[in-house]
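Novice: This is what each chain is made of:
2 protein chains.
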Amino acid sequence: MKEIFDILLNRRTIRNYLEKDVSDEILHRILSAAIRTSTTGNMQVYSIIITRDSEKKKELLPLHFNQKMVIEAPVLLTFCADFNRFTKWCRQRKAEPGYDNFLSFFTAAIDALIVAQTVCIAAEASGLGICYLGTTTYMAHKIIEVLNLPKGVVPVTTLTLGWPAGIPEQVDRLPLEAVIHHETYRDYSSDDIDKIYHEKEQRPDSLKFIRENNKETLPQVFTDVRYRREDNIHFSKLLLKVLKDQGFMNQ
Amino acid sequence: MKEIFDILLNRRTIRNYLEKDVSDEILHRILSAAIRTSTTGNMQVYSIIITRDSEKKKELLPLHFNQKMVIEAPVLLTFCADFNRFTKWCRQRKAEPGYDNFLSFFTAAIDALIVAQTVCIAAEASGLGICYLGTTTYMAHKIIEVLNLPKGVVPVTTLTLGWPAGIPEQVDRLPLEAVIHHETYRDYSSDDIDKIYHEKEQRPDSLKFIRENNKETLPQVFTDVRYRREDNIHFSKLLLKVLKDQGFMNQ
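Same order as they appear, the protein sequences are chains A and B.
The first sequence begins at 1 in my numbering and counts up one residue at a time.
The second sequence begins at 1 in my numbering and counts up one residue at a time.
It should be emphasised that the hints constitute simulated quantities derived from the structure, not laboratory data.
Please read all numbers here as calculations on a predicted model, not as lab measurements.
Check before you lean on any hint, since a few could be wrong.
Derived BS3-like pairs (lysine-lysine); straight-line CA-CA distance at most 25 Å [claimed, not checked]:
1. B:K151 <-> A:K237
2. B:K94 <-> A:K208
3. B:K56 <-> A:K241
4. A:K20 <-> A:K57
5. B:K237 <-> A:K237
6. B:K56 <-> B:K151
7. B:K241 <-> A:K241
8. B:K56 <-> B:K142
9. B:K2 <-> A:K2
10. B:K237 <-> A:K244
11. A:K241 <-> B:K94
12. B:K94 <-> A:K195
Work out the full structure, taking the sequences as your base and the hints as a guide.
Specialist: Here it is in C-alpha cells:
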C-alpha cells in the first residue's frame with residue numbers, strides 16, 4: 001500500500017469507472033475504518049445509505065443532474081445528517097431530546113461530512129476512485145423521497161465509488177499561501193487576487209474552458225454558467241425548506 | 001510510516017499535548033497535501049487560519065469554553081467557509097457573483113470541513129494528535145471578531161494540533177450496521193434501538209458517566225447536561241444571525 005502523503009498529493013477525482021464491482025469485503029473495510037472518524041460528543045449523528053441496485057441508481061440519476069457516474073459507478077454512498085436514531089434512543093430512555101434546530105442540523109452535517117472524507121481517503125488508499133456529487137444539497141428534497149429518509153435526516157453529500165478506468169490529468173490548485181492566514185485573516189488586495197489566480201488563469205485548460213463557454217474571463221464561466229445567482233437562490237430556498245420539513249428549524 | 005488503515009482504526013482524539021512545537025515544515029507538508037482534497041467546481045471556497053501566538057490563543061480560549069487544549073496545543077487551525085476571495089476575483093474580472101445565499105454558505109462549509117478531515121488524517125499519519133472543537137459554530141460571532149473575518153467568511157470548525165502526551169483509551173463506536181442502510185433508509189424499531197445502543201450502555205465508562213452526572217440513563221446526560229435544548233436553540237439563533245451578518249442569507 002502506498003504512503004499516505006503520496007495518496008493525498010497524487011489524488012484525482014475519478015468520473016470514469018471500470019465495469020467491475022466493489023466487493024462487500026472492501027466496502028466493509030473502508031466503512032469500518034471511517035466510523036472511527038471524530039464525531040460530536042461521540043453521538044455519531046449521521047447515516048450512510050449504500051446504493052448498489054441499478055433501479056435505485058436510475059431513480060437517483062436525474063436528481064444528480066444526469067451525471068453518468070451515478071449509474072456507472074458500482075457504489076453510491078449518500079451521507080446524511082441524522083438525529084433520528086439518536087432522538088429515538090433519547091425517547092426510549094426517558095430523556096427529552098432537543099435536536100430539532102439549526103445548530104443540531106449543522107452539528108450532524110459536520111459529522112456526516114468528515115466521515116465522508118475519511119471514506120474517500122480509505123477508498124483511494126485501496127485503489128478505488130471517488131467523486132463528490134454537489135447536487136445532493138440541490139436536490140435533497142427529492143433524494144429524501146427516493147431513499148425514504150424520515151424526519152431528522154437530511155442528505156448532505158454523495159460519493160460515487162469504483163475502480164478507475166484510467167487516470168485523468170491532475171487539476172490545478174491555488175498556491176497554499178492563497179488559502180491560509182497567519183493569526184488573523186489578511187484580506188485580499190487587488191494585487192493579491194491577481195497573483196493568486198494568475199497561474200490558474202494562464203492554464204491551457206482554463207483558456208479552453210473560457211472559449212468553450214463563449215466568455216471573456218474565467219470567473220464569468222462560474223457566475224454565468226456553472227454556479228449562477230438564480231440557481232443558487234432557487235436551491236437555497238429548497239434546501240432551507242428541506243431543513244424545515246425534516247424538523248431542523250425549531251429555534 | 002504506518003499503514004493508513006492502522007492509522008484510521010487505531011486513532012484517538014488527543015486532548016493532552018507535549019510542550020513541543022509543530023515545525024513549519026511539518027505543518028506545511030500536511031496543509032500542502034490537504035489542499036488536494038476535493039472542492040466544489042475547483043473553487044476552493046475555504047480558508048484556514050493558523051493560530052500559534054499565545055496571546056491569540058488566550059483570546060480564543062473562552063470562545064472555546066475554556067477547553068485547555070486551546071492554549072496547550074502548539075497549533076490551532078480554524079477552518080472557514082470563504083466566498084470572500086472568490087467573490088473578489090469575480091468582481092475584478094467583470095463577473096457578477098451570486099454567492100451571498102444559504103446554498104453557497106453550505107457549499108463552502110462542505111469544502112472547509114472535508115479539508116479539515118484530510119488535515120486530521122495527514123496529521124495523525126505524521127504522529128500528531130488532533131481534537132475537533134465543536135464550540136466553533138456556537139461562538140462563530142466572537143471568533144469572527146478575534147480572527148478578523150470579513151463578510152463572506154464563517155468559521156465552521158477548529159482543530160487543535162500537537163504531539164500527543166500519552167495515548168488515551170480508545171472510545172467506543174456503534175456497530176457499523178447501526179449507521180449504514182442498504183438501498184433505502186430502514187427506520188429503527190424499539191428493538192433496533194435497544195440492540196444498537198446495548199453495548200454502549202453497558203460499558204463501565206458509560207455507567208460512570210451516568211453516575212457522575214446524577215442521571216438515570218445515558219441519553220439524559222446528553223439531553224440534560226451536554227447538549228441541552230435551550231443551549232441548542234440559543235446557539236442556533238446566534239449561528240443563523242452570523243450567516244445573515246456575514247452575507248449568506250440573501251435568498
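Novice: Hint by hint, work out which the structure violates, then give me just those numbers in ascending order.
Specialist: 3 and 11
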